[in-house]
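K.L.:
Protein chains in written order, with our numbering: chain G, 25 to 402; chain C, 25 to 402.
Certain hints may be false.
For identical chains, the list gives no copy identity; a pair is met inside one copy or between any two copies.
Here are the simulated DSS-like cross-link-like pairs (lysine-lysine), alpha carbons at most 27 Å apart as the crow flies [unchecked claim]:
| # | residue 1 | residue 2 |
| --- | --- | --- |
| 1 | K216 | K258 |
| 2 | K278 | K258 |
| 3 | K278 | K217 |
| 4 | K152 | K216 |
| 5 | K152 | K208 |
| 6 | K258 | K145 |
| 7 | K73 | K217 |
| 8 | K258 | K54 |
| 9 | K208 | K402 |
| 10 | K402 | K38 |
| 11 | K353 | K99 |
| 12 | K43 | K382 |
| 13 | K145 | K216 |
| 14 | K38 | K152 |
| 15 | K108 | K72 |
| 16 | K145 | K217 |
I should point out that these hints are in silico values taken from the structure, not numbers from a laboratory.
Protein chains: 2
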Amino acid sequence: EWTSPPLDAALVDKPGLGKAIIGRGAVNQKGPESAFLAALHAIKGANKKMPVNLVMVAEGEEEIGSPHIAQIVHKPEVQAALAKTMGVFMPSSMQDLDGIVTLSLGAKGVVELELVSTGEKWGRGPGKDIHSSLKAMVDSPAWHLVKALNTLVSEDGNEIAIDNYPKPRPISDEEKKMIADGAKIRSEAQAKKQMSVQHWINDLPWEQANIRLESQPTANIEGLVGGYTGPGGKTVLPHKAVAKMDFRLVPDMKAADVVPAIKAHLAKRGFGDIEVNMSGGYDPTQSAASAPLIQAQIAVLKRAGIEPVMWPRNAGSYPGFVFTGEPLKLASGHFGLGHGSGAHAPDEYYVIESTNPKIQGYDGAAMSFVEYLYELGK
Amino acid sequence: EWTSPPLDAALVDKPGLGKAIIGRGAVNQKGPESAFLAALHAIKGANKKMPVNLVMVAEGEEEIGSPHIAQIVHKPEVQAALAKTMGVFMPSSMQDLDGIVTLSLGAKGVVELELVSTGEKWGRGPGKDIHSSLKAMVDSPAWHLVKALNTLVSEDGNEIAIDNYPKPRPISDEEKKMIADGAKIRSEAQAKKQMSVQHWINDLPWEQANIRLESQPTANIEGLVGGYTGPGGKTVLPHKAVAKMDFRLVPDMKAADVVPAIKAHLAKRGFGDIEVNMSGGYDPTQSAASAPLIQAQIAVLKRAGIEPVMWPRNAGSYPGFVFTGEPLKLASGHFGLGHGSGAHAPDEYYVIESTNPKIQGYDGAAMSFVEYLYELGK
C-alpha cells in the first residue's frame with residue numbers, strides 16, 4: 025500500500041502541497057522532531073544564547089501505552105527538576121490542509137483491555153474447540169461473552185452502562201464556547217468524508233457531535249476474536265472468545281477505577297469468570313489555556329497570521345497525565361507549524377518544501393520552534 | 025500435528041488397536057469406501073451373483089454443504105430410479121474403542137450462515153476502520169452486532185429466542201427409550217473427558233443431557249471476527265463485524281424457514297441492516313427403525329455378536345434429507361464394522377489389522393459389507 029518503500033524516506037511531489045518526505049514515522053514523530061533539532065542548531069549556528077533552559081526527554085514507549093514513563097518522571101530527583109519548569113511540549117506539525125491549527129489543551133485518558141471468556145475459567149462449556157453439534161448439551165463461552173458485552177452499553181451501543189463507572193465532570197461553558205467556535209471553522213463535510221460516516225451518533229448536528237466527542241467517555245470494541253475466523257464457516261463450538269476493547273476517559277475520570285468497576289459489574293451479573301486483562305492505560309491530560317506554555321504558542325501562531333482553533337482536548341490519548349497530574353500539575357502540549365499526515369499508516373508524509381502559501385515547510389517548521397523558544401524566554 | 029505426513033498413508037502400530045493407516049480421509053471416507061469396494065471384488069472373485077442390484081452414487085461436495093446433490097437426485101429419471109430402491113447407505117466404520125456400534129436413525133439438519141454488520145449497510149458507523157477515539161461521536165457496527173446477537177438466545181445462551189422460529193416435534197417415547205438405553209451403555213466420564221467438559225447444560229444428568237442432544241435445535245457461534253484480531257490491541261473502531269453461526273435442526277424443522285425467521289426477528293428489533301448470508305444447509309434426516317435397510321443392519325450386527333445402541337439421530341448433519349424427505353421417503357444410513365477416528369483432524373486413522381478382538385480390521389469390515397448385501401437380498 026506504500027507508493028515508495030516505508031524506510032526509503034523518498035522525497036516526492038505531492039500535488040497542492042509541494043515536496044514531501046514519505047516514510048514510516050515521517051510525521052509521527054521524526055519530521056517535527058528533526059525540525060526542532062534544526063531550530064536548536066540554527067540558534068547555535070547564529071551564535072545566539074538559548075533563550076530558555078531545555079531538558080530533552082526521549083520516550084520510546086508511547087505507542088505501547090508508555091508503561092514506564094511515570095516511573096521515570098516520579099523519581100524524586102527527576103520530579104524535583106521538572107517541578108521548576110514551565111511545562112512540557114512535544115514537536116508536532118499542527119497545520120491542516122487549510123493551514124488551520126487546532127490547539128488542544130489536553131487529551132483523553134484511555135484503558136485498553138481484553139475480555140476473555142473461556143470454558144476452562146467458566147467451568148462450563150468445553151476446554152477446547154469441539155464439534156458444533158454438541159451445542160445441544162454443552163454451554164458456549166462465545167455466547168457467554170456476547171451476553172456479558174451486552175450488559176456494558178445501552179441498546180444503541182453509545183452509553184456506558186457499567187455499574188459505578190467513573191463519571192466525567194460536566195463540560196464547562198469555556199469548553200462549550202471553544203467547541204462552538206471550532207465547529208464553525210472545521211468542515212463537517214470533510215470530516216464525514218474522511219471517516220466514511222453518514223450520521224453522527226443520535227443524528228447530532230456538527231456542533232453537538234463535537235460536544236459529544238469532547239465531553240463523553242467511550243466503551244469501544246476494537247476487535248472480536250473467537251472460534252473459526254477464516255473464510256466461510258467451520259462447525260466448531262469454540263472454547264474461547266475475546267473482545268478487545270478500549271475505554272476513553274475525560275476529566276475527572278481515573279484509569280485505575282475502570283477495571284474494578286467492570287469486574288464488579290460483570291461479577292454481579294454472573295460473568296465473574298470472564299477475565300478482564302488490562303494491557304495499558306492512563307488518566308486524561310489537561311492544561312489551562314492561561315498557562316504561559318500555551319499562551320506562548322498562541323502568540324507565535326498569531327504572529328504567523330494564524331488564529332488557532334482552541335480545543336478542549338484531543339479525543340485520542342497520550343500519557344501527558346504524568347506531567348499535568350498530581351503532584352507536578354505542569355502544562356503540556358504539542359506545538360509546531362508545518363503539515364503531515366498518515367501517522368501509523370501507508371504513505372505517511374511530512375511536507376519539506378511547501379508550495380501552498382498557507383502551509384509551512386521544513387524551514388518554516390524549524391522557524392516556528394525558534395520563535396516559540398524565544399517567546400517562552402520572554 | 026501429524027505424526028506422519030497426511031498424504032503418506034503410513035501404516036503404523038497403534039497400541040491396543042493394531043496396524044492402522046494414518047492419513048487425510050483415512051476413516052472419512054476412503055477407508056470404509058475401499059473396504060466396501062473390496063467386498064464387491066470378493067463377491068465377484070468368488071464367482072457369486074450379486075445378491076442385490078446396486079447403484080453407486082459419488083457425492084464429492086458433502087464437506088461444503090452438498091449444494092448440488094438435491095438437483096441431481098430430483099432429476100426425473102434419477103428420482104424415478106431411486107423410488108424403486110430399498111434405500112441408501114454410506115460405508116462407515118461404526119465400532120468405537122469398545123467395539124460397540126451406535127446405529128443412528130437419522131441426523132440433524134443444519135443451516136450455516138454469517139451475520140454481517142457493517143457501517144455501509146447500516147448507514148451508521150464508519151465505512152472503513154477509523155481511530156477508536158471517534159467512538160464518542162460515531163456509532164459502532166461491532167456493538168450493533170453484539171446487540172443483535174444478544175436477542176437471538178436466552179441469557180444462558182442455550183434457548184433459541186428467535187420469533188416464529190421453526191419448532192421441533194416433541195421427542196417420542198420410542199426415542200426416549202433409545203436414549204435411556206444408550207445412556208446406560210455409553211460412558212459419561214469418557215464423553216466429558218473427550219470434550220474437556222465439566223458440566224452439561226443446566227447441570228443435566230447424563231441421560232437428560234443426551235435427551236437434550238437428541239431433541240433440541242441449536243444456535244451456535246462458530247466464530248466471531250471483527251476489527252483488530254491480532255495479538256494485543258489496536259485503537260480502531262471497526263466498520264465491520266461478523267458472527268459465523270450454525271443452526272442444527274431436528275424433525276420437523278425446515279432449513280428453508282430458518283433465514284426468513286432470523287431476518288424478520290432482526291428487522292423487528294432494528295437490526296434489519298445486518299446481513300444474514302446463508303452459505304449452506306439442509307433439513308433433518310430420519311429413517312424408521314422398521315425399514316428393511318435398517319433391520320438388515322441390525323441382523324448383521326447381531327450375528328457378529330454386537331447389540332447395537334439404537335440412537336434417534338446423529339447430532340451432526342449429512343444431506344440424507346434428499347433421500348429420506350419428500351417425495352422419495354427412502355431409508356438412509358451408515359453401515360460397516362471396523363474402527364477409525366479423527367475425521368478432519370491430524371492423525372486421522374482407520375484400523376487395517378486389528379489386534380483387539382472387539383474391533384474388526386479391514387478384512388472384517390469388508391466381510392461386514394458382504395454380509396449386509398446378502399442380508400439386504402433376502
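K.L.:
The structure should be examined with respect to each hint, and the outcome stated for every one.
P.N.:
Hint check:
Proximity of K216 and K258 under a CA criterion of 27 Å is satisfied inter-copy only: 22 Å between copies versus 37 Å inside one chain copy. In this assembly of identical chains, K278 and K258 lie within 27 Å of each other by CA distance solely across copies; the values are 21 Å between and 42 Å within a copy. When the C-alpha separation of K278 and K217 is checked against a cutoff of 27 Å, the pair qualifies neither within a copy, at 34 Å, nor between copies, at 45 Å. Taking CA atoms no more than 27 Å apart as the test, K152 paired with K216 passes between copies only; the shortest distance there is 12 Å, against 44 Å inside one copy.
For a Cα distance limit of 27 Å, the shortest separation of K152 from K208 across copies, 26 Å, qualifies, whereas the shortest one inside one copy, 55 Å, does not. For the identical chains of this complex, K258 and K145 are neighbours both inside a copy (24 Å) and across copies (25 Å), given an alpha-carbon limit of 27 Å. Proximity of K73 and K217 under a CA criterion of 27 Å is satisfied in neither setting, with 47 Å inside one chain copy and 77 Å between copies. Taking the shortest Cα distances, K258 and K54 sit within 27 Å of each other only across copies (21 Å), while inside one copy they are farther apart (45 Å).
Taking CA atoms no more than 27 Å apart as the test, K208 paired with K402 passes in neither setting, with 33 Å inside one copy and 91 Å between copies. Proximity of K402 to K38 under the C-alpha cut-off of 27 Å is found in neither arrangement, the shortest distances being 38 Å within a copy and 86 Å between copies. Taking the shortest Cα distances, K353 and K99 sit within 27 Å of each other inside one copy (16 Å), while across copies they are farther apart (82 Å). With identical chains, the CA atoms of K43 and K382 are at most 27 Å apart within one copy only, with a shortest distance of 15 Å there and 81 Å across copies.
Taking the shortest alpha-carbon separations for K145 and K216, only the inter-copy value of 16 Å comes in at or below 27 Å, while the best intra-copy value is 43 Å. For a Cα distance limit of 27 Å, the shortest separation of K38 from K152 across copies, 24 Å, qualifies, whereas the shortest one inside one copy, 53 Å, does not. With identical chains, the CA atoms of K108 and K72 are at most 27 Å apart within one copy only, with a shortest distance of 24 Å there and 105 Å across copies. Taking identical chains as interchangeable, the C-alpha atoms of K145 and K217 lie at most 27 Å apart only when they sit on different chains, with a minimum of 16 Å there against 44 Å within one chain.
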